[in-house]
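Using the sequences and the hints, build the whole thing.
Protein sequence lines correspond, in order, to chains D and R.
Using full-length UniProt numbering, read the first sequence as starting at 1 and increasing by one per residue.
Using full-length UniProt numbering, read the second sequence as starting at 1 and increasing by one per residue.
Misleading hints may appear alongside valid ones.
Covered stretches of chain R (in silico footprint by chain D; criterion: 3 or more residues with CB under 8 Å from a CB of chain D, positions within the stretch not fixed) [what the hints assert, rightly or not]: (1) 122-135; (2) 142-151.
Here are the simulated DSS-like pairs of lysine-lysine, each with C-alpha atoms no more than 25 Å apart in a straight line [as the list claims (entries may be wrong)]: (3) D/132 <-> R/225; (4) D/52 <-> D/23; (5) D/113 <-> R/228.
Derived by calculation from the structure, the hints in this document are not laboratory data.
Beta carbons: idealized from backbone N, C-alpha and C, even for Gly.
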Amino acid sequence: MIALSGIKKSFGKNEVLSGIDLKVNRGEVVAILGPSGSGKTTLLRCINYLEKPDSGVISIGDFKLNCRQHGKKDVHALRQKSAMVFQQYNLFRHKTALENVMEGLVVVRKVSKAEARERSIALLEKVGLGAKLNAYPSELSGGQQQRVGIARALALNPEVILFDEPTSALDPELVGEVLSVIRQIAEEGITMIIVTHEMGFAQEVANHVVFMDGGVIVEEGEPKQLFRYPKEERTQQFLKRITPEAGYSI
Amino acid sequence: MKLDVSFIWTAFVELLDAIPVTLAITAVSVLCGFLIGTAVALARQFRVPVLSQAGAAYVTFIRGTPMITHLLLIYFGMPMLLDAAAEALGFGFRSASIPMIVFAFLSFSITAGAYASEVVRSGLLAVDRGQLEAAYSIGMTGPQALLRIVLPQAFAASLPNISNMLIGMLHGSSLAFTVSVVEINAKAQIVATTNWKFFEAYLAAALIYWGLTIGIERLSALAEKRFKAYSRGGVS
Ligand SMILES: Nc1ncnc2c1ncn2[C@@H]1O[C@H](COP(=O)(O)OP(=O)(O)OP(=O)(O)O)[C@@H](O)[C@H]1O
Ligand SMILES: [Mg+2]
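And the structure:
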């Protein structure tokens with residue numbers, strides 16, 4: 001289980017997260033929605049400690065970290081609990097698809113090369129890239145790169161995978177292939193937190209939806225509940241604005 | 001006076017002996033230069049207190065003064081320092097026992113370090129921040145991320161600059177003749193004065209430098225092909 005409590009983060013005078021509390025159960029898929037600038041990316045980055053929160057407590061599984069007092073070792077331990085799928089993919093440019101997936105297994109998890117290779121090939125086949133093992137990122141389409149990114153995150157078998165708008169940098173015709181991979185791994189019971197603007201997808205895949213605005217969680221609940229009967233006015237406004245544009249529906 | 005074509009060949013053959021010395025000075029200074037330069041560039045990039053300021057001062061002083069000045073300062077300054085230190089500590093060491101080429105190694109490494117730090121810095125700037133974040137996100141430590149992800153890409157991005165620097169240091173190594181190291185240029189002077197045929201001897205030296213430079217260009221083209229295979233960068 002993942003629990004965030006009282007996560008605060010400011011950039012200079014700009015308070016971006018004003019005390020976030022969130023619980024995610026094992027195997028749950030949580031979608032985070034909210035207008036641009038509401039702090040969604042910052043929240044994900046805080047969980048992975050790419051951004052250091054000013055205060056708050058992050059606990060993932062049996063590991064707990066107080067953002068005000070910790071050492072480098074704790075950060076390192078926390079990062080091992082989660083994996084991130086980036087909006088801009090961020091594949092290692094000098095490594096092939098296979099090497100990208102193997103890297104964490106070999107270097108971080110100290111798995112033998114032969115075993116890492118075998119597991120990585122299986123993962124790449126799972127995301128439909130069995131034929132692209134030796135391609136460099138520059139030789140892959142955006143959708144393919146993002147699927148490698150997902151395989152790289154899956155390889156580490158983390159407690160939670162964090163997705164930051166995994167499809168928003170993609171051409172519309174490539175969005176589907178990435179979403180279907182995410183849908184598939186959601187069904188396997190992997191815990192995920194997904195920031196997305198794909199409303200239909202969120203409604204279909206998520207067990208829990210969180211609406212953020214202005215650095216706080218305004219409302220959260222079951223997808224059906226939140227999408228059909230939003231309680232808060234800000235949520236209603238946001239959904240009204242965004243729904244007609246949602247190109248994806250189930 | 002008339003051009004003695006056959007003497008160009010004679011001189012050329014004699015100069016071949018001095019190539020290893022020139023290559024040694026070039027290789028040592030560029031290698032050590034890159035070690036120093038990488039350390040300085042990292043200290044500056046990650047704003048390590050004290051080290052980054054010291055690094056910046058080092059770079060501006062060295063780049064602000066000629067290479068031959070570094071050589072002369074080391075050549076005259078080091079022995080004074082070492083002898084004084086040896087005396088104070090009671091060692092029987094005398095600076096006169098240091099081979100001349102050591103001064104060239106030392107001073108040119110210091111010169112190369114300042115230029116290399118800028119080469120490395122521009123290489124680091126060419127690596128997207130997302131690469132470092134991706135490395136952290138899969139649980140790498142800082143040193144792992146640096147060694148496995150950032151530096152290899154920075155290195156690939158710097159290859160053209162590295163080859164430039166190698167060529168610069170190859171040519172610059174000729175300054176070692178001022179402290180009586182017999183590299184290609186000094187050897188050419190010796191051959192020239194003993195036979196009183198300056199133009200021919202220096203022409204032979206020029207041909208050798210040119211040949212070595214072409215060798216470096218070839219190697220760097222190969223290295224670019226090998227290390228930048230992943231990138232489709234550039235405008236071509
Ligand atoms: N490194 C940074 N330095 C300064 N300000 C930042 C930084 N990162 C984010 N911010 C600010 O924090 C606020 C929240 O940004 P964040 O990226 O978390 O929003 P978001 O909800 O992900 O938006 P979007 O939907 O556009 O991706 C913004 O006002 C942004 O300008
Ligand atoms: Mg964002």
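- Item | Numbers of the earlier hints that this structure fails to satisfy, in rising order | Structure breaks no hint.
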